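Its first residue numbered 1, the sequence shown is counted upward by one per residue in the working numbering.
The set of hints was computed from the structure by calculation and includes no laboratory data. Be a bit skeptical, because a hint or two may be false.
As the list claims (entries may be wrong) - Across the chosen pairs, the derived CB separations fall in these ranges:
1. Arg170 x Asp200: 15 to 25 Å
2. Arg111 x Asp227: 15 to 25 Å
3. Asp237 x Gly55: 34 to 44 Å
What the hints assert, rightly or not - Pairs of lysine-lysine, DSS-like flavour, derived with a Cα cap of 27 Å:
4. Lys76 x Lys113
5. Lys45 x Lys113
6. Lys113 x Lys133
7. Lys76 x Lys45
8. Lys165 x Lys76
Owing to the predicted nature of the structure, the values given are computational and were not obtained by experimental measurement. Beta carbons: idealized from backbone N, C-alpha and C, even for Gly.
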Amino acid sequence: MRTTTARAVAGVLTCAVLTGCGAAPAPAPPPTPTASAPASAAPEKPPTMAPGPAGRTPVFERRPAGGGAAGPTAEKVVALTFDADMTADQGPRAASGERFDNPELIALLRRLKVPSTVFMTGRWAEEYPAQAKAIGTDPLFEIANHSYSHHAFSSPCYGLPVVGKATMAREVERAFTAFREAGARNVVPYFRFPGGCYDDTALRALAPANVTAVQWDVVSGDAFATDADAVAEQVLDGVRPGSLVVMHCTRSAAPATEAAVRRIVPELRERGYRFVKVSELMEERP
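Generate the whole structure from the sequences, applying the supplied hints.
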């Protein structure tokens, strides 16, 4: 496993702010989680990467596919990840009817039996505690950390407010607390930078949080997209063995994601791919 060179991911999430695009009717209560997939629960001690130089937070983007006696084989696995974004100041918009959740997408992943990792903000868990608990107690899913406030950890970052260096680790800890208070159990020590933006200062500041930062190698382009086929084609064109795909679980700002997943999953399975959570993708392979 390699440690990815720390860098800001320029132009990856042009819609990282995810400010939403209109209200939608309130959905029915989320379904009770069931043993809907042949996936195991999150491991007792999920795999993580060793700290980088001088204790910097390590960064994982995808499983290497080098092969050979000393490297992993190019196993046809792919991790679909979904960012459940909600910034700390969007409560009034949620109260007025804007939906930052996407229960229909979660229901689809259950029906299709797709193990997935949801990178959730603490503010999202506070707004939708029943859904956070349902996701975080279903063995099909694992919840990872996307900060509490969805503010940026480096600047510039698509107009996001910036977290101060002194409070970066606290942002991560506060989100984990929100997950626990919602009743989520399948929580892994992984962190995704809002907007994918980070620098050396952020990697040093997050060291006390003891997390592995998780980026991606395939951008779905689903945020603010309305053409589900275009989103699906971008994912299908980009996936390689060991890929890590970034998508969104935020209905008002990523309305085409569910329809795109309906196409992505069967087409990748037809190509011989198996879906895994990030914790499995991060495991060492002989």
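Against the structure, the hints:
Restraint check, Arg170 to Asp200: a C-beta distance of roughly 19 Å satisfies the suggested window 15 to 25 Å. Judged by the Cβ atoms, the range 15 to 25 Å given for Arg111 and Asp227 holds: they are separated by roughly 23 Å. Range check, Asp237 to Gly55: about 38 Å between beta-carbon atoms, so the 34 to 44 Å window is met. Restraint check: the Cα-Cα separation between Lys76 and Lys113 comes to about 17 Å, which is no more than 27 Å; the hinted pair holds.
Restraint check for Lys45 and Lys113: the C-alpha separation of about 23 Å stays at or below 27 Å, so the hint holds. Between Lys113 and Lys133, the direct Cα distance comes to roughly 19 Å. Compliance with the 27 Å bound is thereby established for this hinted pair. In summary, the hint linking Lys76 to Lys45 is supported, as the alpha carbons are separated by about 24 Å, within the 27 Å threshold. Annotation: proposed proximity of Lys165 to Lys76 is violated, straight-line Cα distance about 39 Å (limit 27 Å).
Hint check: a violation occurs at hint 8 only; the rest are consistent with the structure.
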